[in-house]
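Participant: These protein sequence lines map, in sequence, to chains A and B.
For the first sequence, the numbering used here assigns the number 1 to the initial residue and increments by one for each residue that follows.
For the second sequence, the numbering used here assigns the number 649 to the initial residue and increments by one for each residue that follows.
In case anyone wonders, no lab produced these hints; they're calculated from the structure.
Please note that the accuracy of each hint is not assured.
To be verified - Chain A regions said to be covered by chain B (calculated; three or more residues, Cβ under 8 Å):
(1) 80 to 93
(2) 166 to 179
(3) 209 to 218
(4) 526 to 538
(5) 583 to 594
Source: prediction; values computed, not measured.
C-beta atoms are modelled at their ideal positions from N, C-alpha and C, and glycine is treated no differently.
Number of protein chains: 2
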Amino acid sequence: MSDNNTRAPDSHETPSRRRFLNTAAAASLAGVGLAACQDQKPAAATAAAPAAGSAPAAASAGHAGANVHLKPGELDTYYGLWSGGHTGDLRVLGLPSGREITRIPCFVPDALIGWGITNESKAVMGTKPDGSLRYTVGDTHHTHASYKDGDYDGRYAWVNDKINSRIARIRLDYFVCDKITELPNVQGFHGIFPDKRDPVDEKINYTTRVFCGGEFHIPLSGKAADLTKPETYRALFTCVDAESMEVRWQVLIDGNCDLVATSYDGKLAACNQYNTENGAVFADMMSAERDACIFFNVARIEAAVKAGKFKTIGDSKVPVVDGTKEANKDPKTALTAYVSVPKNPHGVNASPDGKYFICAGKLSPTATVIELAKVLDWFDGKLPELDKAIVAEVEIGLGPLHTAFDGRGNAYTTLFLDSQLVKWNVDAAIKFHAGDKNAKYVVDRLDLHFQPGHVNASQSETVKADGKWLAVGCKFSKDRFLPVGPLHPENEQLVDISGEKMVHVADHPVRGEPHDFIIFKRDLLRPKQVYDINDFPNAVKDPKEAGVTRNGKKVLVKLTSQAPTFSLSEIKVKKGDEVTIVWTNLDKIEDLTHGLAIPKYNINFITNPQETKSVTFVADKVGVFWFYCTHFCHALHLEMRSRLIVEP
Amino acid sequence: MSDNNTRAPDSHETPSRRRFLNTAAAASLAGVGLAACQDQKPAAATAAAPAAGSAPAAASAGHAGANVHLKPGELDTYYGLWSGGHTGDLRVLGLPSGREITRIPCFVPDALIGWGITNESKAVMGTKPDGSLRYTVGDTHHTHASYKDGDYDGRYAWVNDKINSRIARIRLDYFVCDKITELPNVQGFHGIFPDKRDPVDEKINYTTRVFCGGEFHIPLSGKAADLTKPETYRALFTCVDAESMEVRWQVLIDGNCDLVATSYDGKLAACNQYNTENGAVFADMMSAERDACIFFNVARIEAAVKAGKFKTIGDSKVPVVDGTKEANKDPKTALTAYVSVPKNPHGVNASPDGKYFICAGKLSPTATVIELAKVLDWFDGKLPELDKAIVAEVEIGLGPLHTAFDGRGNAYTTLFLDSQLVKWNVDAAIKFHAGDKNAKYVVDRLDLHFQPGHVNASQSETVKADGKWLAVGCKFSKDRFLPVGPLHPENEQLVDISGEKMVHVADHPVRGEPHDFIIFKRDLLRPKQVYDINDFPNAVKDPKEAGVTRNGKKVLVKLTSQAPTFSLSEIKVKKGDEVTIVWTNLDKIEDLTHGLAIPKYNINFITNPQETKSVTFVADKVGVFWFYCTHFCHALHLEMRSRLIVEP
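Go ahead and model the full structure; you've got the sequences and the hints to work with.
Facilitator: This is the structure in structure tokens:
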């Protein structure tokens, strides 16, 4: 039943495996231009053959398999923050166990938290004039956390919503989403990355900006005639302020943005571009043999904004600077630099030594290594030809998508079409590219199950990359789990990368579709387990304050709870009243959360110890409605219920 | 950090542990009437001391711990169906790994599936006259599956929504919810159980009814004056037809319903009752020293309905028979029988040998064993005193809530206050109750973490109970997982019950609050992995059928998909059009699901291979909206996007 994960490197050419994959996602590739890549493969495999002595990988019961399974009560050693995909939340995992510990709702309502139900959460999510939620769907892709001195500082995480071009911020002390910003002028906001320090002010050694890549190009002129003229469509790159969450500036570019990376010195941000053609139909998006990785000179862009060298678009007041090729021909004043990379690349990742950005080829079997010092040289007028910043472009396998790092000079790139993870040495790749054909840059290969997308390793995107655990998000799970009907889970696979050989240690089914994630040491966070009641201006601090007061048709209900009772045994209102319930959970004990549901009124939410929340609704149905605790709190939890009496 | 799970039986009296628990959910119990129970404990512990020779439990690395951790690619051997709690879905787990494989949305919208977004799902969920969803919150508690010959037959599962008194049915071939019924005349619908065969027709050896317990009593007269007269409030027991999902009949009762059990011969259903007092405030619900387990004589109730001996309530046309004590004094004609059980019981469970229903004491440290043959004797006039059907009422520990079985004569009851699982022998308990004070009915005790509620074991609620794995839903997790802020996950603990001693083998954090679940052998299900295109009357079977047709302001878009393209590269409509997109995913390969999101239009849903779904919306925003695939399908997934052009 299980696939053989002890297969030797490069044994992926086994006909049966290739045939299996060809019936899956690789199907029909020949018809859309990938046949050429497949034809190149044998040569690539030869060039990238691993060094002699690479024995078959150890069995999964090997040295690392022993500690992936925690004993009951044993704590994980790493946090994982996983983007929630369609559920629009941020998932928090413990690693190496792979257990999902909580989900933090952001873009999509959540009927446990009451996210999208309470007044406080509706204010964060955004509402229409009638008070209903503006959006109830999401498509989160990428999550990253705030930095200080090149490592995570435990303040914030951010996650994007591709459908409606929103960015959410999560406070990592209480694990709650506290701000959501909708980006103007863009569609298909995809990649996201915080900066790591300020490009100018050395004292600012922490994150103050978050960069956002706009993937779809759209008409921006406001002219009806342009709706059907794709040649007028444009995409933008956006900078959001990490504290205020307001949009600082945008950059008009040629082509589109996909993923985002930032440099450790704060000077550069970059996006890979898969549609430099500005194509509006499928074939046009793939017509160019090379696309690009666009670099943004952050300091220069902000100087231009400061100098008033910007426009605005439509109703938006956000400054938009011109980052097109035409306007940035002179390196010494350029805001942007377009480094060419092969056909429709995907993923751009910063190596933990701070030296390189690596683009994965997607439709090319290559990885492209770009040296940041040389990009800065170009901006300084010291590198005549920008593409000389490319220090390696080596073949690694079919369908490269994303890259992680171990802090020991190795990169780990997912190969979507080969269903493999390839471990390759960056320095060796650079030597090979420079002409040393004896440089064996491919160190190891591991079969995955199946069609891997994002990959990340413990601390990989920090200066503290520690090369212990690596996780891969596989897009197809096929027969890896018990069948559950037509919709299969994704398969997140955990790999031990502490040794020379990679060891696949566990499979975890996950609900579609997490895309990206980060993994970091548990001591980087110091979460708070109980709220401070004084953080809530509307807190009802004493059960004696509980009661019902009326102002015309507006009724204010102040309510408290202490297990196993609410402070009011009944609330009496009249039909048509606008009722606001402000509820403080006075229990102080960690984990003693209560819920409050009102039958037929579509209200359900929880309140944690010492927390205050509120809901507002119109009492439009006559009757007795038992509002009850929905979060098991006490032996007498079922008896924790009171009556909302709505009189005619 | 981890709690010691090798503690000897009955060592829960350790002062430090007791003190710890007392700071949690047990706090304030003394103030609400539980001090008495705690005082009784030492005596109970003595009476229930385990047999000599019960050595300390094996360490968690013992004989069973070895196979709880599957190798990558290895399949689980059991399915688990878990109620989804507040998320209003049904969760599907694999056991013994404890991995969540999928979630089936029922009562609450789901932004992955597009549940609550597609026309088909809105029809199942129910809408208001304006087309918006009637409810978006849920509180599922109990899930059970259809039976044949006393074992699961793999046709259906059902799950309840307590908030809005709804019951959902899940098809276990495609793992989808296909029907939701809102029960009339009840509030706080809590317990649920299918029957196991027909009480009269021997040929019907499978489930045809589902029984539903109404927990909250409410005014049913329709008189405004009764709103504030709790003495007029009443609760009902409800029978739903398993095939049509229509409500067959209801029974007016004294007191309330909590959990539900059904007999293997189809003749009896029962509910435990914690509020026989019909109390409307906290203290009144606990005033009686004994409450009840109410039995329903299914054949007699249906005969009464057939004979027209019923009333209806308000607008509802559902026949309501009279199950009150006053109307059912004569055993030979009685529809109901109220067996007394100690104070505020929780949980009623049927033993797999078909002989007994067991009620857990909650506020009494006891389990009550009721012999079904004796209850039937009472209905036949052969047992003068109904409470003589109680064949055991034994002390097992503090806060008993639910009971599972191993098929070898042992029961496993959760002790909420003691944070323990107690294994006890039913026959020995009956002997002890009959006067044999040497009968040692407590076999073993296991500390849990913390405050356990529901418990179930593999095949426990079938005639095939196999006594291998047991899972417990612990309401508090405290420090068992990495901290994630004030809201803690629940802790589902897995226990190996194959030996004499129970062995705790794993902890799993879960999102609140699953309540109940069932566990059964994987070969009982035969799920289908790809839809039959002919099951969808509106299927677009050929890309050539794709196109846009207009009828006044109504626009019909027929769309197909084959990775990596939609069959239309653009859809052009006018502002104000009512647009319906009917989309068939023509890909036939297992696991090749696509998604469709429309930015700013709040639309996102997936379509599985050979499935057809539709959405309807008003094109109220002018612009170009790239509708794109949100479910990674192919190397060119990002390029799978087309334009919805809305012209002024």
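Participant: Give a verdict on every hint.
Facilitator: Status of the hints after comparison with the structure:
no. : hint       : result
1   : 80 to 93   : holds (count 5)
2   : 166 to 179 : holds (count 4)
3   : 209 to 218 : holds (count 3)
4   : 526 to 538 : holds (count 5)
5   : 583 to 594 : holds (count 5)
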